[in-house]
Amino acid sequence: MTVKQKDASIPTLPLGAQISRWIGRNLIRIYMVFAFTYLFIPVAYTFAFSFNDSGKSNLIWKGFTFDNWMNPCGAPEVCSALGNSIKIGLLATIFSTILGTMIAFAIGRYAFKGRSASNLLIFLPMATPEIVLGASLLSLFLVFQISPGFWPTVLAHVVFCVSFVVVTVKARIASLDPRLEQAAMDLYANEFQTFRRVTLPLVAPGIAAAALLAFSLSFDDFIITNFNSGTVTTFPKFVYVSAARGIPAQANVIGSAMFFLALALVIVGQVVSRKRKVS
Amino acid sequence: MADSANSARGDLKLTRITKSYGDFTAVDDLSLTIPEGSFFALLGPSGCGKTTTLRMIAGLEEPTVGSIHLGSTDITTTKPYQRPINTVFQNYALFPHLTIFENIAFGLRRRGIKDVDEAVNKVLNLVELPHLAQRKPTQLSGGQQQRIALARAIVNRPALLLLDEPLGALDLKLRRQMQIELKWIQKEVGLTFVHVTHDQEEAMTMADTIAVMNEGKIEQMGSPADLYDNPKTAFVANFLGQSNLIKGSLVGTDGDSLVAELFGQKISLPRNRSHAVDSSIFAGIRPEKFRISLLQTPVSGNVLSGGKIEDVSYIGVSTQYQVMMPWGQELMVFEQNDDGVAPFQIGDAVNISWEPIFTFALRGDEDAEAGTEVIPEDLDEE
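In order, the protein sequence lines correspond to chains A and B.
If you count by this note's numbering, then the first sequence holds residues 1 to 279, one letter each, in order.
If you count by this note's numbering, then the second sequence holds residues 1001 to 1382, one letter each, in order.
Where hints are given, some of them may not hold.
Unchecked claim - Some, not all, of what chain B presents toward chain A, calculated at C-beta under 8 Å:
(1) 1080
(2) 1086
(3) 1089
(4) 1107
(5) 1111
(6) 1358
Since the hints were derived computationally from the structure, they do not count as laboratory data.
The beta carbon of each residue, even a glycine, is placed where N, CA and C say it ideally should be.
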């Protein structure tokens, strides 16, 4: 009752002013809703059409079914393409992470002749248009009489993944307090022990982030892969090729599954780091 | 590992150490002996070379010229992990990915000691933080981190413990408390402590011996009382506490005393407190050694007459006066408030007097302002 009485005593603003005030207060929320809607409509669409009882072409909604999810390898070649993508992704991740981490340490930690040049050159594969990089790599392989296929694709992926790994790991190294390594040396750890016990554990989150980034870049890549993979079909290539005659709903299943896997990883990571902070 | 170096014990001896970075000389022909078991302070303003000296002792820098000996072992070029020397770093440098227990056990484990529990728990008790063993460094307050950094170093029972501005990041109250604690711990464990600081009060509170550094050189070395009462240079006189330096000349002797003339007024001073090389001097008197008296009051000892009170600041334990002398110099006088009220007012004509033994004499060609205006300390000085 008292609340109501108080309300009555405050002079009410005209409706227009009230609305503009409400908008002023909630503008950032409204903006956020729009932004996320824009970002997630394609994902939602993909997810929804993974349940489409579509038959051959998955363009028109024909009814709800769990069949695609129960049988993700149902469409021809979907799972062999996925398998190739995972294999190529893992190999490219391993090679580029090892190589990139070593380059990052060299550039981040040591003064040597040509250091600033290396620093600049490492950005080039990132800046080069993929279509150019893909075509050049193909002609390079052909010059050396290597026919396109599985391993040339892995090599090509390492080329562009390395840059991203170097940038990611280098940022982590730069934020590392050099006094921690000095303290380790002061406490009887030799160079190798210092690296193994202090430097590496502290840089590890950066290396893990770089590896995840490398995998997702490799898994996702179509343009460079298309030039260099020859008869080997990866998942993006499969989707592209089948677009002409209708993408099977299984592609949506795999796409959605990848999305939820990534989401789960992020959530688990958040929960773990929050728990660590609390305990 | 070089066990011969790691088991070295004895006095630390720096012989003619120079450290240059290109054209810049951080440490300039420095020689120093730090006796085993002492609490030694390297005191100086930012950029005086004290941290560089410490890093050379730790092995994190190599001297350009000169040698470092621990006992009879030459450790000039041995690696940091081959020296029985541990450091408490300025910002503690605790390993953020390890628990407090593992931080402290780090040095023991690297030396191949398997059973670390007893030693770690003992040192945790010494710094009174046994309940924090399983925490991570980020969960500790600054004061707690400081103690853990100390524990991590002393658990190794090094021949020498280096402290690089260890209290710089703590607030004043905690700093005072840690000063007393550090001193106690040093006595308790009986290790040699070498403490680098820019805080003269901290150095005086803790150290047995202080070396005052300026521009890569040692200005003066001695006990806190020695440095305060008998400074050899204007830098030491001004950097350790405050001094009134009055231009004058030596005009004669009187037994064990020297007679000096300051702007026409004769005073005497002990012969062993004169560091003058010729007759031109600065006579130095600490502000708390002065007494102020009205013109008609009879006084003894050294007297400078013709003063006029310019400014009075009451600060509780004492009252600080600025007294303008006839030759245009303002002298600073601290009077204890032991008789109730401040008896002098601005504008009073007064004499200044003091006991002759409290006078020291510096070379007349010195810069009387040296050490007064010190650049604000940058805590991350390397």
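For each hint, the structure was consulted:
1. 1080: Holds, because the Cβ-Cβ distance from residue 1080 of chain B to chain A comes to roughly 4 Å (cut-off 8 Å).
2. 1086: Nearest chain A Cβ about 6 Å off; hint holds.
3. 1089: Holds, about 5 Å.
4. 1107: holds (4 Å)
5. 1111: holds (5 Å)
6. 1358: This hint is violated: residue 1358 of chain B lies away from chain A, its Cβ roughly 44 Å from the closest one there, beyond 8 Å.
When held up to the earlier numbered hints, the structure conflicts with hint 6 and nothing else.
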